[in-house]
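Participant: These are the residues of each chain, in order.
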Amino acid sequence: MGQLDLYYIDWSDSSNPTMTYVAILELPFVHSIPPIPAEHQSQLTPAHVAMHITCHSESIFSSSRPVPHARGPERIFEPIKRNQLLRIHIRLPWVESAFSPGVPGKNRLSNDTSIYVPYHTVFSAVESGTKKESGAERVHWEDWASSARWVHLDAEFWEVQPRAASGTRCILTRHSMEHYTTNWQDPNKRHTYDVYILDFNPMFVDELANRDDEERKNEHGSEKWVYQPAEPDNFSPVMANVERRTWLAECGAEKAAAPYAWSKFKHAYFDDIVAQLQNAQVMFDDEHSKF
Amino acid sequence: MGKYKHLHLHQTRQKSHTTSSMETFKLGVLNGGFQYRFHSLTDNHAPKLKGGTLTKWSSINPNSYLPLQLDVVQLASLNLGAESKQWKLAYEDMNIKDYDVEPACDLLVLLEYLGPALDPFNPNVFPPTFDVTGLDGGTPKAFVFHFRTLSTNESHPSAVKPLLDCGIITGNAFGFWVTCLGDIIVSRPKCTPSRDPSSDSCSGLIMYNWTTGALLVSLSGWVKPHWLELITHTGSKRRVVYKPSQSFISSSTGHASV
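Here the protein sequences come in this chain order: A and B. Quick note, in our numbering, the first sequence goes up one by one and the last residue is 1150. Quick note, in our numbering, the second sequence goes up one by one and the last residue is 343.
Keep in mind that the hints are not guaranteed to be accurate.
[Stated by the list, open to error] Mimicking EDC-like on lysine to aspartate or glutamate, the simulated pairs with C-alpha atoms at most 20 Å apart in a straight line are:
1. B:LYS111 with A:ASP1131
2. B:LYS133 with A:ASP1131
3. B:LYS90 with A:GLU937
4. A:LYS1125 with B:GLU108
No wet-lab data here; the hints were simulated from the structure. Model, not experiment: these values are computed from the prediction.
Kindly generate the complete structure, drawing on both the sequences and the hints.
Facilitator: Printed below as a string of structure tokens:
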């Protein structure tokens, strides 16, 4: 699919900053992608792309370290940088989702898929690369996949623009099928808008995993954090691993499967407001969620 | 409350499903602004949430894109020990194409296009055509960076230069992204002198330390933009790496440093 090129920038000499190509994180190979529908093919030129890959990162800068140009009150805490996430978003822009007639919801295949990469994987690759005398350190997918989390969504999850993770968390929003297939401006139609939070913090995930069985049985359906193992179940809002029936089958995406923690956001005021909205957008950072 | 108690409360809130507080803010059109149909910041431009600060652009007048105003909300924060606060910044006749903030530095970076704001949809043309350059037949002008304080809209006191002018001319009027990363800004200009938007003759990466003036430019493409030479004259501290595209240069790729 591509690769993440990593550069090390040395600003220590402000009159001569340097940028060095030090490492490559390879993405897996995909053997084929769904065919482009015939009605779209005539519109395409060689300039159009079959696959669109973007990288999103929340820039974290804190005034908790003494720097002369930091202003405002000093922050008390800051997230652990090595656990924060980079999101690689992969999309097939010209391919319609395959749709099974009469079977809405999760059986619609999505062409949006994301890999969440913890910064410590990036730092490790850069550190190895800077020690090489020449050339960039090439890290194969099989060697770094297990530290990442591949989140493949069904077609009901919809984002206007791919959203970066914040800290160790990402937010996923799902709209009901009714929202798409009926007149969404009809004020009598109630919109369903679910917000899920996924947390990949390894310490938090371990804490959930170590809960006793009785506690974990009571997790589903309640407003709690749920431990999601790599084995898929019927409760997870997203696929715990990438299913073989998708275009990602056999590409090695299964190496970046769960575990992670997830929770569904619930708030009475939010539910009432969303029911009246034509559209909504969710943003969040380490302390806040915005709707 | 001591710092440890703050941290403990933050961790408790992270795991809890109880909303500690909820506030509603009116921004943009809901706060007296206007959304003018345009290829612009105010055209369906979503608010930005970064570092606990929310920002949203709108037009000041109902019948013109410029001038612009920026609604700013500092959200209540346990980390800062601060209550929420909202204010507005106005920009008279500044054709802003992109921006970013760094709340921890009280920094607002603006990318301004020095040419006029022209409506690319031009209702006077029938059938309507979309001007892929946004110039309406005019001569492309340069883009510049402004370094202001987010709180007061003044020139940032820690910026070596309140205005960075590298003479960047991309061949269109739409602008490019700028991102703040602490004391560094990163920008990705693409030079498209031809009228084919899919054809980039040169794309680049500009990284600038606004507190020291150090400038790092990395470009690749088959045409070296003219403003590459300007940088060497305007920037006292700069490093430029230019990599010719292999497909257009018969020899192996190399780099030239200035």
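Participant: Tell me, which hint numbers fail for this structure?
Facilitator: 2
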